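*Asks:* Assemble the whole structure, with the sequences as input and the hints as a guide.
2 protein chains.
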Amino acid sequence: MESMMIYMPAILAVVGLAFMWAKRSWVLKQDAGDGKMKDISSHIYEGALAFLNAEYKLLSFFVVGASIALAAIAYVVPTTHYLIIVAFIFGAFFSALAGNMGMKIATKTNVRTTQAARTSLPQALKVSFGGGTVMGLGVAGLAVLGLTGFFILFFHYFMGGEWTNTTQMTVVLETLAGFSLGAESIALFARVGGGIYTKAADVGADLVGKVEAGIPEDDPRNPATIADNVGDNVGDVAGMGADLFGSYVATVLAAMVLGNYIIEDMGGNIVDAGFGGIGPILLPMAIAGAGIIISIIGTLLVKISSNSAKEAEVQKALNIGNWTAIALVAVASYFLVTWMLPKETLTMGFFVGGAEGFEYMDIASIRVFYACLVGIVVGGVISAVTEYYTGLGKKPVLSIVQNSSTGAGTNIIAGLATGMISTFLSVLLFAFAIWASYAFAGFYGVALAASAMMATTAMQLAIDAFGPIADNAGGIAEMSELPAEVRERTDILDSVGNTTAATGKGFAIASAALTSLALFAAYVTFTGIDGINIFKAPVLAMLFIGGMVPVVFSALAMKSVGKAAMKMVEEVRRQFKSIPGIMEGTAKPEYDKCVAISTEAALKEMLLPGVLTIGFPIAIALIPMLFGYENVLIAEMLGGYMAGVTVSGVLWAIFQNNAGGAWDNAKKSFEAGVMINGEMTYKGSEAHKAAVTGDTVGDPFKDTSGPSMNILIKLTCLIGLVIAPILGGHTEGDIPNEEISVGMENTINTEVIAEDISKEVQVNMTSEGGETIAKVRITTTKKGKTTVQQKTFIGTEAEVEKQVQDLKDKA
Amino acid sequence: MESMMIYMPAILAVVGLAFMWAKRSWVLKQDAGDGKMKDISSHIYEGALAFLNAEYKLLSFFVVGASIALAAIAYVVPTTHYLIIVAFIFGAFFSALAGNMGMKIATKTNVRTTQAARTSLPQALKVSFGGGTVMGLGVAGLAVLGLTGFFILFFHYFMGGEWTNTTQMTVVLETLAGFSLGAESIALFARVGGGIYTKAADVGADLVGKVEAGIPEDDPRNPATIADNVGDNVGDVAGMGADLFGSYVATVLAAMVLGNYIIEDMGGNIVDAGFGGIGPILLPMAIAGAGIIISIIGTLLVKISSNSAKEAEVQKALNIGNWTAIALVAVASYFLVTWMLPKETLTMGFFVGGAEGFEYMDIASIRVFYACLVGIVVGGVISAVTEYYTGLGKKPVLSIVQNSSTGAGTNIIAGLATGMISTFLSVLLFAFAIWASYAFAGFYGVALAASAMMATTAMQLAIDAFGPIADNAGGIAEMSELPAEVRERTDILDSVGNTTAATGKGFAIASAALTSLALFAAYVTFTGIDGINIFKAPVLAMLFIGGMVPVVFSALAMKSVGKAAMKMVEEVRRQFKSIPGIMEGTAKPEYDKCVAISTEAALKEMLLPGVLTIGFPIAIALIPMLFGYENVLIAEMLGGYMAGVTVSGVLWAIFQNNAGGAWDNAKKSFEAGVMINGEMTYKGSEAHKAAVTGDTVGDPFKDTSGPSMNILIKLTCLIGLVIAPILGGHTEGDIPNEEISVGMENTINTEVIAEDISKEVQVNMTSEGGETIAKVRITTTKKGKTTVQQKTFIGTEAEVEKQVQDLKDKA
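Protein sequences, first through last, are from chains A and B. Just so we're aligned, residue 1 is where the first sequence starts under our numbering, counting upward by one. Just so we're aligned, residue 1 is where the second sequence starts under our numbering, counting upward by one.
You may find that some hints are simply not true.
To be verified - Covered, in the sense of this in silico footprint (three residues per stretch, anywhere, with C-beta under 8 Å from a C-beta of chain B), are these stretches of chain A:
#1 277-284
#2 406-412
#3 420-433
#4 638-650
Said to hold, decoys possible - Simulated pairs of lysine-lysine, BS3-like, Cα-Cα distance not exceeding 27 Å:
#5 Lys563(B) to Lys394(A)
#6 Lys802(B) to Lys210(B)
#7 Lys563(A) to Lys394(B)
#8 Lys395(A) to Lys604(B)
#9 Lys316(B) to Lys689(A)
#10 Lys689(B) to Lys668(A)
#11 Lys563(B) to Lys668(A)
#12 Lys689(B) to Lys683(A)
#13 Lys668(B) to Lys689(A)
#14 Lys395(A) to Lys567(B)
#15 Lys126(A) to Lys38(A)
#16 Lys683(B) to Lys563(A)
#17 Lys689(A) to Lys689(B)
#18 Lys563(A) to Lys668(B)
#19 Lys395(A) to Lys563(B)
#20 Lys395(B) to Lys604(A)
#21 Lys316(B) to Lys303(B)
#22 Lys567(A) to Lys394(B)
#23 Lys689(B) to Lys567(A)
#24 Lys567(B) to Lys394(A)
#25 Lys394(A) to Lys310(A)
#26 Lys689(A) to Lys683(B)
#27 Lys563(A) to Lys689(B)
#28 Lys683(A) to Lys394(B)
#29 Lys567(A) to Lys395(B)
#30 Lys395(B) to Lys563(A)
#31 Lys210(B) to Lys689(A)
If you're looking for bench data, these hints aren't it; they were derived computationally from the structure. If you're wondering where the values come from, they're calculated on a predicted model, not measured in any experiment. Ideal placement from N, C-alpha and C gives every residue a C-beta, glycine not left out.
*Replies:* This is the structure we're talking about:
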């Protein structure tokens, strides 16, 4: 059984994908309605496909470019193999595939939801949530399948499917990082491009249609209305999917890297584990795999029976599924941790005190489970905090509503202040998560906290994707001029979807933040530095630059929306003027022209932020090299940059998402009417107009720049991770492609230098063909405290032996 | 001559104050105009006094509370003396005195400027700039006099006026930190409270007066108009003055602390300096003193001759004075550096490489001058960048103007984006300043870069304070219904004042940021830690929390403005309704009620942000102590917090100031008319209304929350500095008050542990009465690289000797 565990997550992923396929067939079998509905739905479907195709074209150029860069890294760094390129391409392909599947099913489900809503609400929920489930399981299944599949492949290719040593495993994991990088690159395109697309279409449709021409939302006479509906799918479905796909993969990968370092800390071999000696590496994959099955159970619990149900019942049904899934993940984590980790204790390196405080300690392996609990709980609470700050009827939103009565200015100030204040609790929680999960189980604990939180990704995405599907379904009902009760039913789903969208964003930020931290920890271990000292001026300078990048990135994204929206406005105006009969409904607008404008603008405007994201970490690694800086210092500088991006990125993500969400719901509050200064105030009032202005500002915040922060911080840390081996003190060389025969030699040389001080030099040599890799570890124990230095040498056997001897002499 | 240098800065400060007094007498001798003008002016004067008195009352409570806290610190920490309380009280008093003098002269000068404007523009400039000069020299003079005066006092009290050792000097400087803390605490009240005051009055006056009642700005019928004019003085004059007073003192102090560490790095005594052996400590004071005289020269160059001059000529006159002063500071720095520092080389500890890369290097002392140049140049360029992003007719402001045509929403987005993008260049420059000044001369270089930049503070403040004076003068002209030409002349001055206000804010941010860095460096050396490693989870958690605080602080400040403005709105509405004849001008509004509302609200609303600022660093130091964390780790955690606050605070300061400035000038652009889509657009258009909304949002940004960031980051780092000795590895004990007799014993014990490794243990014992202080320094040289550890022991001679012996045995 145990030895099979390496295949288990992949098998569970396949089970998830099979369930997904069955669900998909069921959804597609549902009635797609009659003529006009079908017509509109196929417009949306084609618009979405048009965007995807244009995106894939651009992506293919990017993939080629990035592959060349990776080839260069593989050439320079001995522990990075050329297979990283293959992994990268597949990572990009799998992520794109997941997005493609999600978009397709979402755009097929919308019309079926509309049709189902003609019969009953429970049926409409079943269909729309079914579509969401397909999306969720597709993303999670492909993520786990891809990651674990490549791990199995590389584990066999580099290590012959059996544990050799941590250096070899590092090669496996560094190569696997390519998969994660590929996935996150697609997320950049999908999230940022998608965010620009959806808001350009939305603003364009609203400004000319609603404001200038005075026709209602989703009116088929509006040329931008199809683009607007496509945008919901591009941004909220594909963008969110790619974001979570990337987080899922990166989190598990980072945990695996840190698991490998646990094995190293335990002497390079775990004796008491029955999982091929790689229990700590398999554990995060196992939790991810279990999460897929748990999510299936969760989705099965989401149903309502009464046709007269309201928002509360629908929300409750979703909550039951979600909470059950989260609780089951906690239970599963307990069993997996106790089963898969060395039974009693793990040895881990901790920073416990000052500069000399790096200590190896034996901790009870159950503490890894506590770390998982921290992740699960904090993920849930951060979602709740997000809901509080953005929820209808809650104090922050009501305060924005009150401030709308004195005009747009005060509405905006209140919204900005709400977003800013909301960082308080979220960041405190987040700091607590870092502190607690580290206190329990070091950075491995931090990574597993993230893994446990991410385990319900499929369920989260199902809940998240059902919102835009319901939104689309309502649009189709409106455009097809169906009876009001249909729209009422889809509106109930849409309204619940808005709440889940907010909590989903909270989940996405929390996961991105924890993922980045895990990657950050993996980065430090990959580079072999023993810390990032911000008291070094160049490191501090990079911390400042890192802090600035999310701010500038957000501004660029916001400006892009503005530019793209302007183009859309002009096009819609042109059509209204030049197509006779368009306002009377006798002539059809040219939907495809608007779709093309959004598509083109989104992809073009995405380039500059993309260059910023990718260019800065590379420049920070390369420029100081040209100036002859030591690799160790450069590694710290890049680490400082990563920390700056993460800290500032998390802040700006929370600020922008919550401010945007709060403005949105402040505006929506007027639909049912709100009490301002003792008077009921409705849509169309001056206060409502002020709230609409606030929402205009909030739109790019919550749908473009805010969510992009997730990608920015993760991608920054992933690029750092891929660059890390260059800075990791390796010398030139390469590991040939032929099967590696592993020879091993272990020299231990302990000497007592002074009373109470002892030095141990441990050499781990792996040789193969003309190449020898030596990993030297010098452990100094002083007054019971232990510090460890590590170096890796690569070269011919004679060279390496000489270097090792030199080091021993010095030690 | 050389031995007198310790008194020189104080003497120069007295010269500056004497010049200030002469200028003040000249200004007060000018004609204060006739009845109505005098009446209005005295209303403003009394309003300002009312605020000051209320503020001082609140402050006295604060000072008592803070003194008790300082007494506790002095009790616990042996190197912190009870005299720190005296220094603190005087720091607060001097800062308050400077603010008081500045406010008084500003409110006396305004009416004299109006009167002067009746005769000619050159005369109006002379009077208004004269008032600014009084303010500038008062602030700078008192800052330098207070700091150097207390240094002389403590130097004699603790060290008998002669160099003994760095430990004693540390006691002097730690006690002196109280002066800086006192000054910065007043700045918190003046900047934040003043910021809330000025905007509450401004928004209140505008919303009811201009918008609801339709009467012009500064109309005497508006009850809030006096409060509005008082606000200009409270916020822009006293607030800015207190801010720069604090920066000036803190920068010089930090440089002195780091200068002391240079002496320590050079073996505890400098042999070749002729300045009582404290050249590196005196240098920053000398530059500050020279800066006062140079600023006087600068102010003398500011004049125009033609009565038909326009903005450009006035700006040019100010520029000539400013640039001359900056250039002279560069020259003075060159001579002072080469004269006062050890002739050829300085020994400094640098981080040059990785974890073991702390190295002692001999650097040419001229490199300290290069660091000064970096500060001077970067300060100038950051001001220029600020001017670009906020200047009338520049691309960013024009783009906001264009975006106003599609409504308030797009105007707001454009303004936010401008503020965010403006962080790019500013932060890059700032990162460059850190990197370059450190590369030239370590953190001493960073501190001297800040000192050199701050040397022209008096000149900067003169330029800065003249703006609000001109603004007030215009208000008085309007309220007194003087001929249009008078208002035209004051408007020219006001317009130039707006530009200088923007660059002044750039200067204030840059100085606050560099000051914080210098304090940060001083903090690290005070605590004796050898770095801040953000790879330690608790430190990383604090970096996140530190990053969050400026965001929440800003939100609190913005909300405070909103609340206070609402109260003002209600009061103005009440007066319009209940005072018959007020709109006809036959009855007088109750100005004092509005002044009282602003005063009360400002002081009340300031408490929560104040508690946040002061509470967090104290909590971070105390709570982990209760949990038994090691002091060294706590010191790193607090350092991480300080870095987080600084990085995030600088970003939010630049973002908010520049966005606010840009919105303001976008609105102002409509006064002269702007071209939008090929059409000239003026005040009163829809686009203008959108721009007014943007300005409403920008007002608290640029005048309340933005400038408060400066205080937040400086005060955070100062509190850290005062707490530092608690965390600095000292044991319990105290240095008695009696004159200290210094005994010195120097043991050197070098042993070669292994080939290429040598250890040197150096013990420096100072004993007095029953107390012995031992400073032990262990220098390890490995492969030519040197690392140093230091410990301080305090206790009876026997105890200390035992501890030292233990350490020697271990080393």
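*Asks:* Of all the hints given earlier, name the ones this structure violates by number, lowest first.
*Replies:* 1, 6, 9 and 28
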